[in-house]
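Student: Residue strings, one per chain:
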Amino acid sequence: MSVNSQTVEETARSSDRSLAHQAVPVRWASRVGDAVWYRRIVIGLLALAVLAPIALLVYQSFLDNPFFQANAKLSFSAYSYVLSDRAFYEALRTTLVVSAGITVLAVPCGAVLAFLLNRTDLKGKSIFEIIVLVPMFISAIVLAFGYTVSIGPAGFLSLLVKGQIGRVPWDIYTVSGIVLVGAASHIPYAYLYVSAAMRNLPSDLEEAARTAGASVWRVLWDVTLPLVFPALVFVTALNLLLGFEMFGLPLILGDPKGITVLTTYILKLSTLFGVPVFQMMAVVALVIVLLTLPMVFLQRHLLRNSRRYAAIGGKGSRATPLRLSTTSQVVAIAFICLWIFFAVVLPVGGIVLRTFVNAWGVGVNVFQHLTLAHIAGLLNVPSLKRGVIDTILLSTVGAGLAVCIYMAIGLAGHRNRGASNVVLDYMILLPRAIPGLIIGLAFYWLFLFIPFLQSLRQTLVSIFIAYTIVGLSYGFRLLQSLLLQISPELEESARTTGATIGQTWRDVIIPITKPGLFGAWILIMMLFIRDYATGVYLLTSGTEVIGSLMISLLATGAMDTIVALAFVSIVLTAVALGLAIKLGVKVDA
Amino acid sequence: MKAVRGLMAVAGMVLVGASAGAYAQDNDLYEKAKSEGNVTLYSATDTAQVQSMIDAFKAKYPGIEVDYNDVGPEGTFNRVISEAAANQVGADLVWSSAMDRQMLLAQQGLFEAVELPEAKAIPDWGNFKNVLYATSVEPIGIIFNKNVLAEDKVPTTRAELIAYMKSDEAKDKVAALDPERSPSGFQFDTNDAKTTDNFWDVVAAFGAAGGKTYTSNGPVKESIDSGENALAFNIIGSYAIEWAKSSPSLGVMFDKERTAAFSRVIGFTKGAPHPNAGKLFLNFLLSQEGQAELARNGLPSVRTDIDASIGFDFDSINERVGGHMQPIPLDETLVTDMDNAKRAEFLTKWRDLVRNGG
Amino acid sequence: MPELVVENIHKWLGNLHILKGVSVSSEKGSVLALLGASGSGKTTLLRCIAGLVQPEMGRIRIGSSVVFDHEKRTAAAPEKRNIGLVFQSYALWPHRTVRENVGYGLKLRGVARPEMDRRIQNILDRLGLGHLADRYPDQLSGGQQQRVAICRALIYEPHVLLLDEPLSNLDAKLREEARYFIRNLIRELELCAILVTHDQAEALAVADQILLLQDGKNVQQGTPTEIYQRPGSFYAADFLGSNNVFEGTVDTAGAGVRIFGDDWSLNGVKMDASVSSSAKGRAVVRVENISVHLDEAHDRVRMDLEDCLYLGDRWEYRLTLGGLHAKATGKFALPAGTVFAEIPPESVWIYPQA
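Protein chains in written order, with this note's numbering: chain Y, 40 to 628; chain W, 797 to 1154; chain X, 0 to 353.
Honestly, the hints are just simulated from the structure, not real lab data. Please note that the accuracy of each hint is not assured.
[Unchecked claim] Short derived list, chain W residues pointing at chain Y, Cβ under 7 Å:
1) Asn-865
2) Val-867
3) Glu-870
4) Arg-977
5) Glu-1018
6) Gly-1023
7) Ala-1040
8) Ser-1042
9) Pro-1044
10) Ser-1045
11) Asn-1079
12) Ser-1083
13) Gln-1084
Built from N, CA and C at the ideal position, the CB exists for glycine as well.
Start from the sequences and build out the full structure, keeping to the hints where you can.
Tutor: Printed below as a string of structure tokens:
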């Protein structure tokens, strides 16, 4: 208790003395006790799992034959073929048109929808908030078949209309058809992010405009939209990206008129040559990656600045809602119901109806042809039964394991100040830019040629790993946000009480995130259920899943089976979605 | 007493053995196959169609698992070449509807010749040096929607087909497989180009009618079934006949003058993991019993001794299509069309007629 | 030997130099308050001691081990420093009961179950929380949560107890009791405690030593009475207490020191050696040191009482002397007009102009 009272002068002099020794301090950071090795190893393994398929693709693109053939040499022939192929440029042009078209339609509609459900006193908000997200969870291939069956040239609805006015006034087998259908199912992605941004806006700016005399729609245009501008830019980039990766819709709807996009052009290439031309497929895949990567980076940059979530069935905006006039209410509700009819009821209804009839179309009364045979058929054929069971297995157990993996990676990146964090950031992004079809193919190769992986190829493990990589971006973001919600002080208080970082993770972080982990599990489950492209090349007995079975069954014309599988897929999705709503899971696109 | 009984037993066995010489070999093979325990196939044939054949095999030769992988024509080809390169041969038998690719694999030495007792019953055009065997003969024909196109108006010759497609009522209502995207489409079209003299006229008429092209059979069938399209040609007739059984709107027609037919071709892989089981299965597949099961499920047999009440065999299917069936022969000309230059030339010509004008 | 020694700590955040060479030490059984405005670096210093933040330069010793030394490149992780930290927001783990929260430190140190239970119950009882052992944090009041946080930090007898604004989340009434209670506890348990606060009353009441920080530097360190009654700088003088500040010119000629303006003059004392004659200066006079009378006396200054304001427990007087404006307090209301203020020279602290 005998410390001297120092005057200001003395203190200043002593610190000046010490500062005089060094002009700029050498920064060093001790990372003792920061789980450095854990982070490095996990991120290292991740980098390996992500870069291996990509490296293989790049290597393959510079060969003139499949890489495993003895006569494969380094060459630019694949690039020169693809880049001088008229069909490639047509596919590229179509992809750009479709992508742009979808974005131009989906973003404004999503924004208006977000505005209506967040900032106004629209009736029925709580129900709509759940329903509007549904299209996001339905597999694209199921949607495509659903549209064919409901509004194709001889679809249920089309024939009804034809009976009334003598012709079918629309054609879904066109670029505009694909754009409209694609836009309808992509609106939820725009809605989700714009909604999250709008949720947290204070209402005084809008109210000021209202009191000055602006109608609700003017408020939307002049006040609200400018305020959420970053979110709008983000969803534009997101929709463009999604447009580039579309596969199921153009596969089915583009087929009759030969409309090709980049992803279906890849499939076309091998038939064109009669032998697998993996080198050219790799080139096209890399072109797609080069086009989507900037958009992925842009998204990441924008996401940094604003991250929010929308809860399924959660409460509406905290701010005072804007009042809608009765006409506006009616118009708005009509608009939303119409969209839901088009985006959900039509395709899903189409599938459900088609599953239970064995004849339909011109001159047929469907109700005379009801049957359960298609569903029964699923149970009789072993590979189909396996497919259903494996899908359920993969999306329950597999999704659970995937969540654990994403959690391990999330922890590796949690409050990570080291250089490995930069690596992590990029590794998370890369798989997002590659179409699932190609990731599946690349993993097929890896499993074929890497000795210790070979025994796993014909097991569900191979599909599981491919799915986990495909879902990496989404899954990691889910887990990361759960982790970020924990106040740093809860971790710090564990450390100061004597817990190592590992013990802190075990005793504080993981238990607190547990409720959120269930939500993440269900979301990943839905992601796995709706995947169809990734398993195509890995398909073999023992790795059948509903999605890839549907694609492979196209060849034999087993539409009844395909539709029955689609029906099962819808049922599984509905169950998962129901669980999600029950748990009040927060949804992120 | 014991000795006499023993002698009689031996004599009995010898007698039985002698009367079924082939069967004795079979038994030996069966034992070896049983110890292998499994036979694996890569195939392009729908599992539903082969299920009863597989069940019959398992009933006759218990103790052998059948690992049947329906991976499609591309899948079979891809897997065989990549697995061979990786020394990871997974299948004993490769069974595909893409005849040209099977021939290519054979030429690359990825198949092995096998001598089998049942091979004798396979016609010459269906046996390529004991390396590739045709296991079915499936005519190619037309499917049409009965509600849209009356049965008596359906074209029965190529000339009639051209005339129909040129007519107004065919506008936007005709379909075919896209040779650019469908291996069987390519196969049938190139075969037509080789064996008929008016193939390009057909294509021109198809293009003029705004013909729709599809990658696979599923959507084609749906479009006919629903009446979206009135008619589709160069479709696998055996499928069509099966479809017609359960779809009241769907009808099948074959060309009176000449009906092409393709076969599903099977080969025995070099370095097969279970060679004996593979041979046993292959033999069964080619036997009357096996072929009968295939015929039962709509795959007409390549043999001539199948009971008509079970299904079609070569003779009865030939009769059904009007007696002028021309199977695509299993020989090396299948591959000469795979030449890249010829392929590109064919497809460009086709594309020009169908997409850009026509 | 001091339990905690902090030497010459420099901390940069990006390009911002947050701590500019702060040194301090503290003994067992005493409370050291780190006092300062926001941005002064006090919380950063606390976190440096805890190991949650790593300084660029300096040395920190806790107990007998050096936990940070930039020359030797050693920096011990927080869990190795054997400290206890009570967070401003308490940071109780919401998924654990009070018992589990408090006992975690013992569990980590491998204490056997029966012993652990005993010690938990002991400390909870001591702080009046014995009946709440199986509740969850969200079922407790603010004051209870604070005490649980304290139990958690104390139970394993750390070398140093760190408290980050422990009372700021409590309401005014509770705060006063709480600070008395904390002070006694620390003395009783003979802990070495470091308390961060921006509340001067808290620092004065609880601490044995106060370190006043401004802008990342030590301004003054001393006992509460030293700092309050003999502030060495204008900043220190003005930070504590409620004050009058007079700006004028200094005159050191003559017997004493004087500060004057155009129409006023006060005798005072030089608190800083750098005050020089004829230079501009500032004088700080604590409001409570001015007493106001109605009758004249030789050491009283004639001033005008402009107004008096009722504050409940006292009256506040607004006085002027020419261009000088001053505040004083007293028990009674006084009429506006001439009054005589007694401003003892030893309470007029003169500092140089900034």
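Student: The structure should be examined with respect to each hint, and the outcome stated for every one.
Tutor: Results of checking the hints against the structure:
no.: 1; hint: Asn-865; verdict: holds, 5 Å
no.: 2; hint: Val-867; verdict: holds, 6 Å
no.: 3; hint: Glu-870; verdict: holds, 6 Å
no.: 4; hint: Arg-977; verdict: holds, 5 Å
no.: 5; hint: Glu-1018; verdict: holds, 5 Å
no.: 6; hint: Gly-1023; verdict: holds, 3 Å
no.: 7; hint: Ala-1040; verdict: violated, 11 Å
no.: 8; hint: Ser-1042; verdict: holds, 6 Å
no.: 9; hint: Pro-1044; verdict: holds, 6 Å
no.: 10; hint: Ser-1045; verdict: holds, 6 Å
no.: 11; hint: Asn-1079; verdict: violated, 22 Å
no.: 12; hint: Ser-1083; verdict: violated, 23 Å
no.: 13; hint: Gln-1084; verdict: violated, 25 Å
Taken one by one, the earlier hints fail for this structure at numbers 7, 11, 12, 13, listed in ascending order.
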